[in-house]
Amino acid sequence: LKGGDKSPKKSADHKGWKSIPLLPVSAQGGRLNDFVSSVNERNCEKIVSPISDADFAIPVSGDSMAPEYPNGSQVHVKRINEEAFIEWGRVYVLDTCNGAVIKRIVPSDKAGFVKCLSINPDPIYAPFEVDLKDVYGIYRVMLCLSIK
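For the sequence shown, the residue numbers in our numbering are 26 to 173.
It is possible that some hints are incorrect.
Here are the computed distance ranges between Cβ atoms for each label pair [to be verified]: (1) I72 <-> K158: 17 to 25 Å; (2) P92 <-> V131: 27 to 35 Å; (3) R115 <-> P95: 14 to 22 Å; (4) I76 <-> Y161: 28 to 36 Å; (5) D147 <-> K173: 15 to 23 Å; (6) K71 <-> D147: 31 to 39 Å; (7) E70 <-> V131: 27 to 35 Å; (8) G114 <-> K135: 26 to 34 Å.
Read the hints as simulated data drawn from the structure, not as lab findings.
Since we're looking at a predicted model, the values are computed, not measured.
Note that beta-carbon positions come from the ideal geometry of N, C-alpha and C, so glycine has one too.
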């Protein structure tokens, strides 16, 4: 994020916790990379994260990942280097040319693609494949916060 201190801001009450930006819902409609590189940190709501190396939080929208990641929850994420390796079977936020999606990622039979799986078994949330050329960034979900 542009502006602001890049070092973790630790709370006196919670050692190891830091303040991270919560991306507004509107960020999910566009490229996270463009949003993250162009927004000033001071323009984002800040939330406290117990994950010391989380980059930011983003709200979950929709039910495809319910019940583990319910609509309205927040995920705290960290960008990974997808060219180094992807830990298959984990949940990630993919920043794609069609917007951000949160999915469980597994290998695809097609070279250069990943398969995205929903947790919700409803058939409307069928698996789909994404060409890695259409992915601007992959963010590992480190934590999900939800009100139950």
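Here's how the hints hold up against the structure:
1. I72 and K158 have their C-beta atoms about 33 Å apart, which leaves the hinted 17 to 25 Å range violated.
2. In this structure the hint that P92 and V131 lie 27 to 35 Å apart at CB is violated, the actual value being about 20 Å.
3. A beta carbon spacing of about 18 Å between R115 and P95 agrees with the range 14 to 22 Å that was offered as a hint.
4. Taken as a hint, the range 28 to 36 Å is violated for the pair I76 and Y161, whose Cβ atoms sit roughly 22 Å apart.
5. Against the hinted window of 15 to 23 Å, the Cβ-Cβ separation of D147 and K173 comes to about 20 Å, which satisfies the hint.
6. The hint said 31 to 39 Å for the Cβ distance between K71 and D147, and at roughly 35 Å that hint holds.
7. The hinted range of 27 to 35 Å is satisfied by E70 and V131, whose Cβ atoms lie roughly 33 Å apart.
8. For the pair G114 and K135, the beta carbons lie near 18 Å from each other, so the given range of 26 to 34 Å is not met.
Checked against the numbered hints listed earlier, the structure breaks hints 1, 2, 4, 8; every other hint is satisfied.
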